[in-house]
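Chains as they are written, first to last, in my numbering: chain E, 1 to 72; chain G, 1 to 93; chain D, 1 to 329.
Hints were generated in silico from the structure; no laboratory data involved.
Where is the CB? At the ideal position from N, CA and C, for every residue including glycine.
Accuracy of the hints is not assured; some may be wrong.
Unchecked claim - Residues from chain D shown here face chain G by an in silico Cβ test under 10 Å; the list is partial: (1) Arg14; (2) Val33; (3) Val79; (4) Val126; (5) Lys319.
Unchecked claim - Cut-off 25 Å, straight-line C-alpha distance, at most; resulting in silico cross-link-like pairs (SDA-like, lysine to any residue): (6) Lys61/E - Asp45/G; (7) Lys28/G - Asp9/E; (8) Lys37/G - Lys276/D; (9) Lys37/G - Pro280/D; (10) Lys276/D - Arg46/G.
Listed below, chain by chain, are the residues.
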Amino acid sequence: MHDGVFFEDHGIPTATVISSEFVRAASAQATALGSGEYRTVVVAHPIQPLTREEVRALADKAFDEILARLTR
Amino acid sequence: MTDDYLDPTDSVAVPRKTAPRPASLDGKVVTLLDISKAKGDHLLDRVEELLRERTGVRTIVRKKKPTFARPAPDALRAEIVGATDVLVEGLAD
Amino acid sequence: MTDGLPVVPPTRERVARAVEACGRAADELIALVPPNFGRATVEKIAINAVMAGCRPDYLPVVIAAVEAVCDERFDLHGVSATTNSTAQLIVVNGPVREALEINCGANLFGPGWRANATIGRALRLVCVNLGGAVPGVVSMSTFAHPGRYTYCIGEWEAQNPWESLAVEHGFAPTDSTVALLAADAPITVYDQRSRTAADLCATLAGTLAVIEHHKMTHWGDTLLVLSPAHAATIAGDGWSKADVRRFLFERLQWPVRELVPGVNGGDGLPDHVLRKFADPAHDATLVPKFRAPEHIKLVVAGGTAGRFSAVVPGWTFSKGSNLVFRRIR
Numbered sequence: 001m002h003d004g005v006f007f008e009d010h011g012i013p014t015a016t017v018i019s020s021e022f023v024r025a026a027s028a029q030a031t032a033l034g035s036g037e038y039r040t041v042v043v044a045h046p047i048q049p050l051t052r053e054e055v056r057a058l059a060d061k062a063f064d065e066i067l068a069r070l071t072r
Numbered sequence: 001m002t003d004d005y006l007d008p009t010d011s012v013a014v015p016r017k018t019a020p021r022p023a024s025l026d027g028k029v030v031t032l033l034d035i036s037k038a039k040g041d042h043l044l045d046r047v048e049e050l051l052r053e054r055t056g057v058r059t060i061v062r063k064k065k066p067t068f069a070r071p072a073p074d075a076l077r078a079e080i081v082g083a084t085d086v087l088v089e090g091l092a093d
Numbered sequence: 001m002t003d004g005l006p007v008v009p010p011t012r013e014r015v016a017r018a019v020e021a022c023g024r025a026a027d028e029l030i031a032l033v034p035p036n037f038g039r040a041t042v043e044k045i046a047i048n049a050v051m052a053g054c055r056p057d058y059l060p061v062v063i064a065a066v067e068a069v070c071d072e073r074f075d076l077h078g079v080s081a082t083t084n085s086t087a088q089l090i091v092v093n094g095p096v097r098e099a100l101e102i103n104c105g106a107n108l109f110g111p112g113w114r115a116n117a118t119i120g121r122a123l124r125l126v127c128v129n130l131g132g133a134v135p136g137v138v139s140m141s142t143f144a145h146p147g148r149y150t151y152c153i154g155e156w157e158a159q160n161p162w163e164s165l166a167v168e169h170g171f172a173p174t175d176s177t178v179a180l181l182a183a184d185a186p187i188t189v190y191d192q193r194s195r196t197a198a199d200l201c202a203t204l205a206g207t208l209a210v211i212e213h214h215k216m217t218h219w220g221d222t223l224l225v226l227s228p229a230h231a232a233t234i235a236g237d238g239w240s241k242a243d244v245r246r247f248l249f250e251r252l253q254w255p256v257r258e259l260v261p262g263v264n265g266g267d268g269l270p271d272h273v274l275r276k277f278a279d280p281a282h283d284a285t286l287v288p289k290f291r292a293p294e295h296i297k298l299v300v301a302g303g304t305a306g307r308f309s310a311v312v313p314g315w316t317f318s319k320g321s322n323l324v325f326r327r328i329r
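Extracted from the complex, chain E is given alone in its bound form:
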């Protein structure tokens, strides 16, 4: 979250992709850093046991939201 908040603060639209277990942690962290409106792109947890193809499928699912997060 520190990176995302830093880049936004420096004028760079940022999409941070996290897994669903970390939504609360990410939002608490962003709020503590003063960027409560910072929002993440969430994919299903867990990631570590997945195959390459399964992870790529997560990207397919999240792609529209990534674009939406980067543009107006």
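We have chain E; now place chains G and D onto it with these hints.
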């Protein structure tokens, strides 16, 4: 009495704004920042393909943090800030 | 704002007494505490120390511990956010250990000593209240462990046949220091019968082999707490600390083919390491458990009645946390 208890916490939050968004990614430089957590590269590989297929991005730059366990080093942050329009970071699980 | 246990109310008067005892200005900034970067001034640390139940004269130890965990090499950011179980272990060396009656003997990791109970607790409260490591919100540890209530021990220098941990790392025996390790819970190692250094170290290796995961490699700073009896057996054979480390390091390595994911467990060498080998499933190259012998840190402490040691695994992925020292002022 309670007025005399001191606060063990410290709030340091300075309100920050998020960056203004472009209308589209046409002609933009996109940086994909890998946080070095296993499998994140697979996700970003696919995001890169989709960006090329479906948007008019000018350039895609791939960067990698040394470790997911810390914020990106200052030098890497500075390098990215000077050279990109937007950024995708992942994958934190 | 607490660890769930009752706290001592941090009244203005109690906090002032603690600040006064350490002889530093209340508003002196000691560190910014990751991940929220709250300002740990002497007064803010004192408030948390009072809440934890510290005596005023413990404050310099707490301040040194806060300084150490906020050192970049400790990576408190990662320690406070990880899904792993780590907690901040404080190891105290030097004259202050005796002056403040910090336990280094029987019941080493257990209750019974105010200094151990409250200094470790104060550091935990600082990490939550100034660092933001709120359990279940920012701290996403799956299990954590009881050391997150308090985790503070002394080294028993008088029972140590070698140099103390602090002296080995460049401090004088007259210096009082803290060493901070991002540490998992201690694992007891039973060995009543070994009479030689080699036999005993083989036992210790057996426990070190399985920390984190039996196929984990490239591990970093980890503490081996030798009981006085075990230390005497090893030193009695003429072994130095370096000999112990070398023996353990050499014994703790396995061929690539035994570390491949899917062989004896689904986890194993990460992809970027596997890629270095043409045919990992048949490769005999040895990969060590620890990145270097120096990562095995030796301390002598604990009761004199039993022949046990304890392994305290670090949280030390390749660019993760390291053992960090601070002199107590």
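Cross-check of the supplied hints:
| no. | hint | verdict |
| --- | --- | --- |
| 1 | Arg14 | 9 Å, holds |
| 2 | Val33 | 8 Å, holds |
| 3 | Val79 | 8 Å, holds |
| 4 | Val126 | 8 Å, holds |
| 5 | Lys319 | 4 Å, holds |
| 6 | Lys61/E - Asp45/G | 14 Å, holds |
| 7 | Lys28/G - Asp9/E | 19 Å, holds |
| 8 | Lys37/G - Lys276/D | 18 Å, holds |
| 9 | Lys37/G - Pro280/D | 22 Å, holds |
| 10 | Lys276/D - Arg46/G | 24 Å, holds |
Hint violations for this structure: none, all hints satisfied.
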